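I would like the entire structure built from these sequences, with the hints used as guidance.
4 protein chains.
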Amino acid sequence: MTLAETFARRREASLDLIQGLDAEDMVVQSMEDASPAKWHLAHTTWFFEQFVLKRFDPEYTEFDPHFNFLFNSYYNSIGERHPRPERGMLSRPSLQRVLEYREAVNASVLERLDRGFAREHGVTGTITVGLHHEMQHQELLLTDILHALSLNPMVPAMVEQPSAIPTFSTGEQRFLPFDEGLFSIGATDKGFAFDCEGPRHQAFLRAFSLARRPVTNQEWLEFIEDGGYTEPTLWLSDGWARCQQEGWSAPLYWQQIDGDWVQFSHYGCQPVESDRAVSHISYFEADAFARWAGARLPTEQEWEVVARQHAIEGNFMENKHWLPQAAQASGIQQLYGDVWEWTASPYMAYPGFRPAPGAVGEYNGKFMSGQYVLRGGSCVTPIEQMRPSYRNFFYPHQRWQFTGLRLAKDS
Amino acid sequence: MTLAETFARRREASLDLIQGLDAEDMVVQSMEDASPAKWHLAHTTWFFEQFVLKRFDPEYTEFDPHFNFLFNSYYNSIGERHPRPERGMLSRPSLQRVLEYREAVNASVLERLDRGFAREHGVTGTITVGLHHEMQHQELLLTDILHALSLNPMVPAMVEQPSAIPTFSTGEQRFLPFDEGLFSIGATDKGFAFDCEGPRHQAFLRAFSLARRPVTNQEWLEFIEDGGYTEPTLWLSDGWARCQQEGWSAPLYWQQIDGDWVQFSHYGCQPVESDRAVSHISYFEADAFARWAGARLPTEQEWEVVARQHAIEGNFMENKHWLPQAAQASGIQQLYGDVWEWTASPYMAYPGFRPAPGAVGEYNGKFMSGQYVLRGGSCVTPIEQMRPSYRNFFYPHQRWQFTGLRLAKDS
Amino acid sequence: MTLAETFARRREASLDLIQGLDAEDMVVQSMEDASPAKWHLAHTTWFFEQFVLKRFDPEYTEFDPHFNFLFNSYYNSIGERHPRPERGMLSRPSLQRVLEYREAVNASVLERLDRGFAREHGVTGTITVGLHHEMQHQELLLTDILHALSLNPMVPAMVEQPSAIPTFSTGEQRFLPFDEGLFSIGATDKGFAFDCEGPRHQAFLRAFSLARRPVTNQEWLEFIEDGGYTEPTLWLSDGWARCQQEGWSAPLYWQQIDGDWVQFSHYGCQPVESDRAVSHISYFEADAFARWAGARLPTEQEWEVVARQHAIEGNFMENKHWLPQAAQASGIQQLYGDVWEWTASPYMAYPGFRPAPGAVGEYNGKFMSGQYVLRGGSCVTPIEQMRPSYRNFFYPHQRWQFTGLRLAKDS
Amino acid sequence: MTLAETFARRREASLDLIQGLDAEDMVVQSMEDASPAKWHLAHTTWFFEQFVLKRFDPEYTEFDPHFNFLFNSYYNSIGERHPRPERGMLSRPSLQRVLEYREAVNASVLERLDRGFAREHGVTGTITVGLHHEMQHQELLLTDILHALSLNPMVPAMVEQPSAIPTFSTGEQRFLPFDEGLFSIGATDKGFAFDCEGPRHQAFLRAFSLARRPVTNQEWLEFIEDGGYTEPTLWLSDGWARCQQEGWSAPLYWQQIDGDWVQFSHYGCQPVESDRAVSHISYFEADAFARWAGARLPTEQEWEVVARQHAIEGNFMENKHWLPQAAQASGIQQLYGDVWEWTASPYMAYPGFRPAPGAVGEYNGKFMSGQYVLRGGSCVTPIEQMRPSYRNFFYPHQRWQFTGLRLAKDS
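Protein chains in written order, with my numbering: chain A, 28 to 438; chain B, 28 to 438; chain C, 28 to 438; chain D, 28 to 438.
Please note that a few of the clues may not be correct.
DSS-like cross-link-like pairs, simulated, lysine-lysine; straight-line CA separation at most 30 Å [as the list claims (entries may be wrong)]:
id	chain 1	residue 1	chain 2	residue 2
1	A	436	A	347
2	A	436	D	81
3	C	347	C	217
4	A	217	D	436
5	B	217	B	347
6	D	436	D	347
7	B	217	C	347
8	C	217	B	436
Where chain B lies over chain A, by a calculated footprint (3+ residues, C-beta under 8 Å) [as the list claims (entries may be wrong)]:
id	segment
9	54-62
10	88-97
11	116-130
12	238-248
13	324-330
Looking from chain A toward chain D, a few residues come up when the C-beta cut is under 7 Å (computed) [what the hints assert, rightly or not]:
id	residue
14	184
15	186
16	187
17	230
18	373
19	378
20	423
Because the hints were derived from the structure by calculation, they are not lab data. Fair warning: this is a prediction, and the values are worked out from it, not measured in the lab. All residues carry an ideal CB built from backbone N, CA and C; glycine is no exception.
Here you go:
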């Protein structure tokens, strides 16, 4: 596929996601961590306008001079930005105008690609970054709108649940052993990777064992029933403080109605099904669960050396089943898709890491404090975004992503 | 005019106000004090559904069972309510659905009025309260959307400024003397009044004098230039704390651009014109200004005994000039319309006050602490809402209404 | 008694109060509203040093140049001040040094009084203000230390309870009628009064009736048991919000242990005795109680016209019984002493009020917003501070003073 | 030295530290992160009472039943605790009583050690933990009181500066190279170590180079003058937010007076001397400085493999020079003492880590999120506490410890 084709297809995919939404839904910012759907559509467009069109084509006329201020997210070097917590104030530009912005920028990019602009200005790499950035925001758009709708007492479904999804019965949990050794970690030179996935380097790992599938809703219920949320010695100190402060007693979006557990989803309220992988838990909860289970979270290196031996398959965004599924077979399962897996690894620079120069380089390095690495992607991650070296990161208290866990043990 | 005609006309007036707005604009809640425009349209409708249709007609079928929870504002006795700070999360019900709600409830009320429902059930009074309540929310809708748009860096105009508004040159300020005496204060039996405007009672007033017109922008600029915002001895203790904390240095919506003062309005940014009455100031600012000017704010009783000698005329909402005008003639001016006038009077019960029984009685009495009375109405107040005894009330730090001041002196 | 004698005696009285306290107790600031005991001792001394010695005697040498910054409380015109919430950081100057400061300033003042300084410089009035200010801080010292000790899990008693205090049985509540009329309100020219107690002016009062004694603990328990703290329609809107936010379910310092109510006091934990006047309630609670009881709070004018017909007697600080007593006889009781009585009157300027010029004038006028007037003094008020026109004021949510209520009714 | 002798000597060392302090100084809690000096003295005593006396001797009579509640710091498994932010409310127990508590517990422990209690009950290890815990609190006592005194506008010196401290001129900075390899990291079996220092494990390190001495005040001034505190691209995202929010523009305790930089210290305000190691900087500042300098922070593993080749010597608490000194010679300097060195390593479990069982095991593992490792000890660390494997940890925004940095580079 040509770069232009990839560009067109990937940009189009963003619009597929808003089929179930009104313009009004797309204004709402439900918390500082989330952004309005309309903002995601505009911000991803701004990326191409800023880093491709404006930077390399002096002839290009800015679509709207306000938009650089409004839709820059965190690039301090590009100038003043609209404050993040006020994104929900942006009733204007209207959705209609943002869609026009997308079309205009798409046309400008495609027209230039047609006449060899990418090669001429060496922006193939930047466009590729932009498309991976777009995929990240596709996932965020879906998780942010889920959070916004979850606050509506009318419990609206964003879309209808796809019919005929088979539910499988997940077999017993098992731990698979892996030997100690000196391993190469991080992205290889083949294919796209963000700067933080490299440089490739050696790390010594002790022998360990890894669970063959993520923790299920059923197992999480056992944790709840055994008092997992009320026993401080299971928790990290910061985790327990957060648990108390926010009154956690189950995963985000879970609610017990007349004794039955239900879960808010893109399909409205759905029963909590036993065999699905648990999701919408924080690092703090994952860590407490692991301690309760006599296990621990894997490090990101452990996860990576196992996962790279497996094909990238699973329940991803394109599947349109936006609830984690149950493991469907024996052997190691669901390394990719369904739920992001919290690792025990703080998000930090790999040995020898240097951020990419220029504003694009603000992208990853500046977030390297206070967050934890998650691996493998979720049911709302675009599949093309996934690779064994991909490092996602969130703060340990955050729960609005499709975040779950897989256990590990020293062996 | 029949009650039905008044009902139809007054309800229609709310829809006139949203001509310049998109559905998206009407979702936004810009602060806890304000509500989304869509919410105002629904809440005023809920009043009639709750207190007229549901209360008196067992046959009536609720439009949507969610709406009682969502659109009750502060009536604790009617049951649980949606939390006020989360009104901006309500992307749904859509504007379309809220407009259907209005139409359905209007039709239900009108159809019942047609067949003598008001007389039969004695609800004429309640409907009248509901229409005055609607007028209050018409004003709030306009001031709340102004605040929301003011936070948008694109500085959008909600509507185009009406052309050909003459600007007058305001003459000198003068103070008119009034004698001491025992006066009757509060609403008479003629015409509608809220419970808090009575009972009519006697109050002894010392001799005083009252400024012939409100303070102007030009006078406010002199206060600014003389250091009014930086001299603590001019301020109440709580006022100075608030001034420091929020960084006040001019009225809300004022901004100095390249040396020139401009003011955000429904017409976008407009120059601060010298002779217009100043607006968007807090009680704390009004009080500091009065002290600086060697004067004081009038009490609400002083205002009332003067104002009731004058006809209710002025620049009101219907005029569609939503910026305070300049005083246009000699003699006492602008008692009504243009700007609400802060008085020195805390909002409290008149001697002998009893709240109306039932939930409607929660309406006024429960707010009788911490607020100050304002009198006379503003350029976005419906004229039919105004009368000499009308008591508006806000907290002393609030600034998003069209609030100004008129000076008084002991004489 | 000469001014010098009064000065010496009144200043000495402050030191009587700290008999039960260690230097360590006197460092603690338990909340922003309260100050450390040591700070009270220093601040009242600063008043005399600043407004008498430094202002009128160029020969006077400041005791310590740091103290003007540290012990100025709210006089913005005297220069920068140490931030109020950080008073608990002042381990230094030590108590020892503060006592030396008191002695030095006392000696300087007395020595000057001896040689006619007061007459010569016209500072008799300022010294008198300073002594009334000292009395106010004597009460605050006692209520602030009570609050600080109440936070100590060891439940320490500050002093031993005086033995042999007779407990009386309070008779039935009754309401005494008073006629309407035009009354003179405010301080007369005789004797000392703060500026806010004047000017004397006329006010028209409707007929009303006033309870013969304050509300008792027993009556408050009935309010609790009848759900007074859980029924929102009894409360002001701001009061209900505060009640929820702070989790009020009884007066401050009350606690139920094994079914029995106890009350923290200067004597440690004591049983809540039925017939004592209830204390440590906010305005919001007083107002809710009155509504529950089918009554209302009196205005400050109503209280004053009744109280000025009675002698100033009662249970005051000097009595050293620092718990409100029970009404001991028939007829109107306890207008003075025992508990401050919340009135329905916001603290505002009387007609014609002008603050005293100069920094001392910052004293009262600047607090005239958001607070309510209390009348009559409490069991920890120095008796000489009391007079019928005395206006105390607190915010409606504050509870750490000995605040109670007396009911009134329209009649 | 016998265990009893070590116990007596180490416990005595805590009392040496409070020579310059009044009882009043020891009440103050200046922020939630800090504790009153009195509390440190009591809490370290509580450790021995709780984990040695009460746990192993049924005959032992608790000194005061309140103290378990008051002086437990974070052991959730030992029962309810007094809330940390309220430690400054504890005017009682008095210092006198706390000193009696220390004496009584010391005597009880020593008397039991005398008769073979340690061997009999196997508590030698627990007592050793308790003494290392005591050393940690000795350092905290000194840094917490420094913070408390720093808030006093009188700028008090806690103690007099020892005379005749030679100041050396630090030579040029240089980076020393170290080879890549597989290294053993963590505590060996010899001597005491906290659980988090093990298990000893292998880690692969790339070649790197390490600065021969910490960054100096002079170098930090260059960072300031070059705009280090105003250039967001130098900072981590969370760091920049914190810098803005708290208004950082220099290390904590630095102040510019009439153009000269001074630094608050245990000796009052002292000039910022060029060649001393910079201290009182956060991780965020250290990280920004390193980026500005074209370098990075070392990992804790890098630091450890270098430091274990050097003797543990330097400027420690016992030296009584409680300001970092200047590097005094060529070669690698100041690895130990003077300033804690921030490393790039988040504080996390070593491979194979298991917390010690029982309440003592709550001690380290539960803090393994959100903090960074510091190495080497400071000028207020007891020298016996130091070893190459010692891992201190603080949150990246914290600045009140003697924290500095040493640069590293990839090589």
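Quick rundown of the hints versus the structure:
1. A:436 / A:347: violated (33 Å)
2. A:436 / D:81: The given pair, whose Cα atoms are some 36 Å apart, is violated under the 30 Å limit.
3. C:347 / C:217: Given that 30 Å is the threshold and the Cα spacing comes to 29 Å, the pair holds.
4. A:217 / D:436: holds (28 Å)
5. B:217 / B:347: Holds. Residue 217 of chain B to residue 347 of chain B sits at ~29 Å (cutoff 30 Å).
6. D:436 / D:347: violated (33 Å)
7. B:217 / C:347: Given that 30 Å is the threshold and the Cα spacing comes to 58 Å, the pair is violated.
8. C:217 / B:436: holds (28 Å)
9. 54-62: Since three or more residues must qualify, the claim that chain B covers the segment 54-62 of chain A holds, with 3 doing so at under 8 Å.
10. 88-97: holds (count 3)
11. 116-130: This one holds; 7 residues, not fewer than the three required, reach chain B with a Cβ under 8 Å.
12. 238-248: violated (count 0)
13. 324-330: n = 0 at 8 Å, threshold three: violated.
14. 184: Violated, because the Cβ-Cβ distance from residue 184 of chain A to chain D comes to roughly 35 Å (cut-off 7 Å).
15. 186: Not OK, violated: residue 186 of chain A not within 7 Å of chain D, min 34 Å.
16. 187: violated (39 Å)
17. 230: Holds, about 6 Å.
18. 373: This interface hint holds because 4 Å falls under the 7 Å limit.
19. 378: holds (5 Å)
20. 423: OK, holds: residue 423 of chain A within 7 Å of chain D, min 6 Å.
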